[in-house]
Amino acid sequence: MFKIAKEFSFDMAHMLDGHDGKCQNLHGHTYKLQVEISGDLHLAGAKRGMVMDYADLKAIVKTHILDPMDHAYLYDLHSEKECRIAQLLIELNSKVYGIPHRTTAEEMAKYMFNKLEQVGLAVSLIRLWETPTSYCEYSR
Numbered sequence: 001m002f003k004i005a006k007e008f009s010f011d012m013a014h015m016l017d018g019h020d021g022k023c024q025n026l027h028g029h030t031y032k033l034q035v036e037i038s039g040d041l042h043l044a045g046a047k048r049g050m051v052m053d054y055a056d057l058k059a060i061v062k063t064h065i066l067d068p069m070d071h072a073y074l075y076d077l078h079s080e081k082e083c084r085i086a087q088l089l090i091e092l093n094s095k096v097y098g099i100p101h102r103t104t105a106e107e108m109a110k111y112m113f114n115k116l117e118q119v120g121l122a123v124s125l126i127r128l129w130e131t132p133t134s135y136c137e138y139s140r
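Residue numbers for the sequence shown follow this note's numbering, beginning at 1 and rising by one.
Rather than coming from a laboratory, the hints here were simulated on the basis of the structure. Don't take every hint at face value.
Unchecked claim - Label pairs and their computed distance ranges (CB to CB):
{"no.": "1", "residue 1": "Pro100", "residue 2": "Asp70", "range": "17 to 25 Å"}
{"no.": "2", "residue 1": "Ala44", "residue 2": "Lys22", "range": "48 to 56 Å"}
{"no.": "3", "residue 1": "Lys6", "residue 2": "Ser134", "range": "15 to 23 Å"}
Claimed, not checked - In silico DSSO-like cross-links for lysine-lysine, where the CA-CA straight-line distance does not exceed 27 Å:
{"no.": "4", "residue 1": "Lys3", "residue 2": "Lys62"}
{"no.": "5", "residue 1": "Lys58", "residue 2": "Lys47"}
{"no.": "6", "residue 1": "Lys95", "residue 2": "Lys110"}
{"no.": "7", "residue 1": "Lys110", "residue 2": "Lys3"}
{"no.": "8", "residue 1": "Lys47", "residue 2": "Lys95"}
{"no.": "9", "residue 1": "Lys3", "residue 2": "Lys81"}
{"no.": "10", "residue 1": "Lys22", "residue 2": "Lys110"}
{"no.": "11", "residue 1": "Lys32", "residue 2": "Lys115"}
{"no.": "12", "residue 1": "Lys58", "residue 2": "Lys32"}
{"no.": "13", "residue 1": "Lys22", "residue 2": "Lys3"}
{"no.": "14", "residue 1": "Lys3", "residue 2": "Lys58"}
{"no.": "15", "residue 1": "Lys58", "residue 2": "Lys22"}
{"no.": "16", "residue 1": "Lys58", "residue 2": "Lys6"}
{"no.": "17", "residue 1": "Lys32", "residue 2": "Lys22"}
{"no.": "18", "residue 1": "Lys58", "residue 2": "Lys81"}
{"no.": "19", "residue 1": "Lys32", "residue 2": "Lys110"}
{"no.": "20", "residue 1": "Lys22", "residue 2": "Lys62"}
{"no.": "21", "residue 1": "Lys47", "residue 2": "Lys81"}
{"no.": "22", "residue 1": "Lys47", "residue 2": "Lys62"}
{"no.": "23", "residue 1": "Lys81", "residue 2": "Lys6"}
{"no.": "24", "residue 1": "Lys115", "residue 2": "Lys95"}
{"no.": "25", "residue 1": "Lys3", "residue 2": "Lys95"}
{"no.": "26", "residue 1": "Lys110", "residue 2": "Lys6"}
{"no.": "27", "residue 1": "Lys62", "residue 2": "Lys95"}
{"no.": "28", "residue 1": "Lys6", "residue 2": "Lys22"}
{"no.": "29", "residue 1": "Lys6", "residue 2": "Lys62"}
{"no.": "30", "residue 1": "Lys58", "residue 2": "Lys110"}
{"no.": "31", "residue 1": "Lys115", "residue 2": "Lys6"}
Ideal Cβ positions, reconstructed from N, Cα and C, are used throughout, including at glycine.
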């Protein structure tokens with residue numbers, strides 16, 4: 001079994017409604033995302049000797065994670081306050097993306113793992129840096 005990984009960078013805004021620190025306020029981060037997949041090598045064809053072509057991995061992550069989330073306001077679909085802010089931003093023609101969880105690095109990493117797994121990617125690990133010195137790792 002082999003593992004390969006690719007790193008991505010994107011910017012996103014969020015807030016943590018009900019948090020007892022400064023993250024209760026609307027703010028943004030430049031996130032670094034590492035997506036690791038595992039599998040056996042292709043034995044024949046154009047992808048022979050690869051687990052997956054890095055270009056294919058990049059295209060999948062771009063479509064399902066980066067395109068919808070980059071430069072968006074990420075919000076918790078269960079938070080009335082965050083949904084109100086999202087509605088205002090929608091009315092102002094700004095990009096938003098809702099998830100059914102609090103927008104902590106931990107919940108976002110798990111969400112990304114599940115989303116990529118649902119589209120058939122053999123994800124083995126998601127590592128999400130919220131700051132240059134703080135990251136969350138999610139695997140099963």
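Practice item. Sort out which numbered hints this structure fails and list those numbers smallest first. Key: Of the numbered hints, 8, 9, 13, 15, 18, 20, 21, 23, 25 and 28 do not hold.
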